[in-house]
Amino acid sequence: GQQLNQSPQSMFIQEGEDVSMNCTSSSIFNTWLWYKQDPGEGPVLLIALYKAGELTSNGRLTAQFGITRKDSFLNISASIPSDVGIYFCAGQPRGTSYGKLTFGQGTILTVHP
Amino acid sequence: SAVISQKPSRDICQRGTSLTIQCQVDSQVTMMFWYRQQPGQSLTLIATANQGSEATYESGFVIDKFPISRPNLTFSTLTVSNMSPEDSSIYLCSGGPATYEQYFGPGTRLTVT
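Protein chains in written order, with our numbering: chain A, 1 to 113; chain B, 1 to 113.
If you are wondering where the hints come from, they were derived from the structure by calculation, not from laboratory data.
Glycine residues also receive a C-beta, built at the ideal position from the N, C-alpha and C atoms.
Keep in mind that the hints are not guaranteed to be accurate.
Result set (DSS-like, lysine-lysine): computed pairs, CA atoms no more than 30 Å apart in a straight line [unchecked claim]: (1) LYS51(A) x LYS100(A); (2) LYS100(A) x LYS65(B); (3) LYS70(A) x LYS65(B).
Covered stretches of chain A, going by a simulated chain B footprint (3 or more residues, C-beta under 8 Å) [unchecked claim]: (4) 55 to 69; (5) 72 to 83.
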């Protein structure tokens with residue numbers, strides 16, 4: 001099946017720094033979604049991307065759907081301690097049913113005050 | 001968006017027993033899915049919960065082990081049958097409209113001893 005390669009696996013940054021993470025695949029995806037998961041919670045949807053080249057922001061978060069439809073990135077600007085958590089990219093591969101998502105392995109973000 | 005609740009939030013079960021997990025959505029949703037998240041890992045899709053018909057299982061998951069019901073557009077159950085320690089995981093349900101966005105419940109943390 002399709003796989004998503006998410007990097008980096010973990011990041012340790014200082015409060016106020018910007019963060020960037022990305023996901024790539026060898027297959028084409030119809031949509032890209034970015035989720036954040038806090039300990040003991042389910043993933044929370046941050047940003048959804050539907051069109052190749054689309055650039056979408058949600059507060060300090062910005063994500064883009066790659067032109068080739070095989071990649072996406074998420075940027076977090078001016079990080080704060082509550083940004084700590086695991087960030088997952090997820091996508092719906094072309095040819096699959098609505099809502100069936102493939103997840104990346106996650107990026108563990110640690111923010112030092 | 002959709003708000004999703006799950007019961008129980010956690011359980012410790014004996015080997016060989018079964019546990020049924022409930023998933024309730026606060027609004028009617030077209031699609032519902034069940035995922036498994038093993039400790040420290042990403043999310044893996046178990047099955048699509050189809051309203052009024054048999055669930056559609058992903059490779060590696062079978063109905064006898066993970067029977068699923070979906071009697072209406074707001075509710076689904078997942079049973080983990082004849083449990084072994086390898087079934088210890090977080091089980092998550094997701095729901096959403098007939099688009100790509102999926103919203104997750106808080107998860108059920110299962111420990112099998």
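Are there hints from earlier that the structure breaks, and if so, what are their numbers?
3, 4, 5
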